[in-house]
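Line by line, the protein sequences are chains B and H.
Numbering of the first sequence is given in numbering that gives the first Met the number 0, commencing with residue 0 and proceeding in unit increments.
Numbering of the second sequence is given in numbering that gives the first Met the number 0, commencing with residue 0 and proceeding in unit increments.
What the hints contain is simulated information worked out from the structure, not anything from laboratory work.
Given the structure is predicted, the values throughout are model-derived calculations rather than measurements.
Accuracy of the hints is not assured; some may be wrong.
Only pairs whose alpha carbons sit at most 25 Å apart, straight line, appear in this in silico PhoX-like list of lysine-lysine [claimed, not checked]:
hint, chain 1, residue 1, chain 2, residue 2
1, H, Lys151, B, Lys185
2, B, Lys192, H, Lys199
3, H, Lys31, H, Lys106
4, B, Lys322, H, Lys49
5, B, Lys323, H, Lys255
6, H, Lys108, H, Lys163
7, H, Lys23, B, Lys130
8, H, Lys108, H, Lys51
9, H, Lys220, H, Lys235
10, B, Lys134, B, Lys2
11, H, Lys108, H, Lys199
12, H, Lys49, H, Lys199
13, H, Lys163, B, Lys192
14, B, Lys285, H, Lys255
15, H, Lys235, B, Lys285
16, B, Lys185, H, Lys23
Some chain H residues well away from chain B (every beta-carbon gap over 10 Å; in silico) [said to hold, decoys possible]:
hint, residue
17, Lys108
18, Asp123
19, Lys167
20, Val182
21, Gly237
22, Gly243
Quick reminder that beta carbons are idealized off the backbone N, C-alpha and C, glycines included.
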Amino acid sequence: MAKNVCIITEYRNGDFRRVTHEVASEGRRIADALGTGLVAVALGSGISAKAPDLGKYGVDKVYVVDDPALEYYLAGVFVPVIAEVLKQLDPAAVLLPASVDGRDLGARLGARMNVTLLQDVIEVVVGDDGKIKAKWPMFSGKCFAWCEWADGVPPLLSIRPNIMQTQLLDESRKAEIEAASAPIPKPRASVLKYELDTSGKVELTEAEIIVSGGRGMKDAANYAMLEDLAGQLGAAVGASRAAVDSGWRPHSDQVGQTGKVVNPNLYIAVGISGAIQHLAGMGYSKYIVAVNKDADAPIFTKADYGIIEDLFTFVPALTEEVKKLKNS
Amino acid sequence: MNIVVIIKQTPDTETVIRLAPDNKRIVTSDIKWIINPYDEFAIEAALRLKEKHGGTVTVISFGAQRVVEALRTALAMGADDAVLIDDPQMRDADFLRVTRALVAAAKEKNPDIIFIGSRTVDYDQGQRGAILAEMLGWPHFALAISMESDGKDITIERPIEGGKVTLKAPLPVLVTFGGSHAVWNPRYASLPGIMKAKKKPLAVKKLTDLGLDPADFSPDKARIRITSLELPPQRKAGKIIDGGLDTSGKARELVKLLREEARVI
Ligand SMILES: Cc1cc2nc3c(=O)[nH]c(=O)nc-3n(C[C@H](O)[C@H](O)[C@H](O)COP(=O)(O)OP(=O)(O)OC[C@H]3O[C@@H](n4cnc5c(N)ncnc54)[C@H](O)[C@@H]3O)c2cc1C
């Protein structure tokens, strides 16, 4: 029997995060190409009840470590436990989410198992010879690189969220569950606080639509206008560095090279000039709309749809039209 | 307190990337080099910690002689001494191996704490810090957006999707820095700082100086290798919505296109 492909899940607040389904779907595709099975390693507190659901996305079997000590991610706990389980499973390849915690976990796991992680993968191909190659963006998306692993080294890759298609195979498909045994170490670090935003705000890196404002917004209060539009669209609100440096928006809203890299279906850039460092963060958006009063703004060279208007008159008009659409 | 900061010299963020004829490297001949912006955040955090608790800040980097400039800049910002690992054997070594050399150089400084940027703006793998910590057997905190230390313990905040976690651990700890310029606001090198930096110690080391075997670093030992590079498909400029429409006419047209053509709303 060929070795299985394995995914590592991410579980938070009583459920698997969506990116886990994306990783499972990609894992299934790779397993099919290799003619093998797909297993998962799932760590969490109270995770056993949800684990069979991974079957829907193509997972055949889940190795579960369910323990109250696994409520929050801590590298000092998760890495040794997962490394131990993986050693027993000896998979052909391991995939995990390139989420905040997944990136952290993957890097440390790769070093511990001496395999080298490839981080932030956006495409995977399986050759006829069964060799896995993966692509990731470097130089802030100005260049892509393909890479492969040396013979005998099982690929370990973290998958960028919001890129891979989720494939729901069958609503009723259940994964088999097995409790994995691995000692849970006591960590040196401790979680003092774990604060989740409960306002229902859409997280930038997971948003389907982003409305982003730059220096053209002129002041913090004017973002209410973008919040309105975003509310109508079910969108998240982002910002350029100029807006963040001015103190109008929190740094967690910054999109770009030294901010977040986002991959929404639609990115609406309002009063943003389109500096190369900003494009680095949103260049993958499927559709880009630019609203800018300067017809020569570089953002127009990247935008699918451009509006040359004063944003203070155009944004309210756009919100009105979206409202009409939603009510029709 | 012995504070070590690991930095990397990267192309300036404005750099236009061109591929070398072998399609495995980029053309580096006409590049302007800078300190990786996230590593600058790490330097700033280290200097703030030193200002509070005393101690020394050592910056360590690797690469060709041009990297001396990045190290001198860090010294001019206020670091005390610098180490450059410059060994041609390292040029094609993979991530794990390069990091092993950095670990060896860091260990010589008996660090209580190690700082590094969370990502580099070149290869953007965002994993050096975690690998370093694993090799040292230390805990690490990634993506710090704040940091407090009394010299015994360290507390940081780290953003996660839709939230924030506060973590604490006793030293030694490795911290990687995230956030943005608005959070860390790295200082510029002052003119007196630049003058002083010229006299600060900067050691250049080879792998053998660090007790490492250069043969371990040969390209055929790499666990992972780049097979090819490609440039992303060029995004073409799309349409400007005008057609003599007034503001709400343009808004209506945009909504229609997003709905019917792009199908994204
Ligand atoms: C190391 C480094 C890292 C960086 N990282 C980032 C990053 O992560 N993210 C980022 O965004 N930037 C980053 N930058 C900064 C980047 O270079 C730009 O300075 C920044 O993106 C500019 O923001 P902006 O487009 O909002 O402002 P500007 O460039 O000033 O553009 C404002 C735009 O608003 C338009 N405008 C003004 N008023 C109106 C109006 N009433 N109606 C319509 N349009 C209007 C103007 O025509 C102009 O095009 C970085 C820079 C460096 C050096």
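Taking the numbered hints from earlier one at a time, note which ones the structure violates and give those numbers from smallest to largest. 2, 3, 4, 6, 9, 16, 18, 19, 20 and 21
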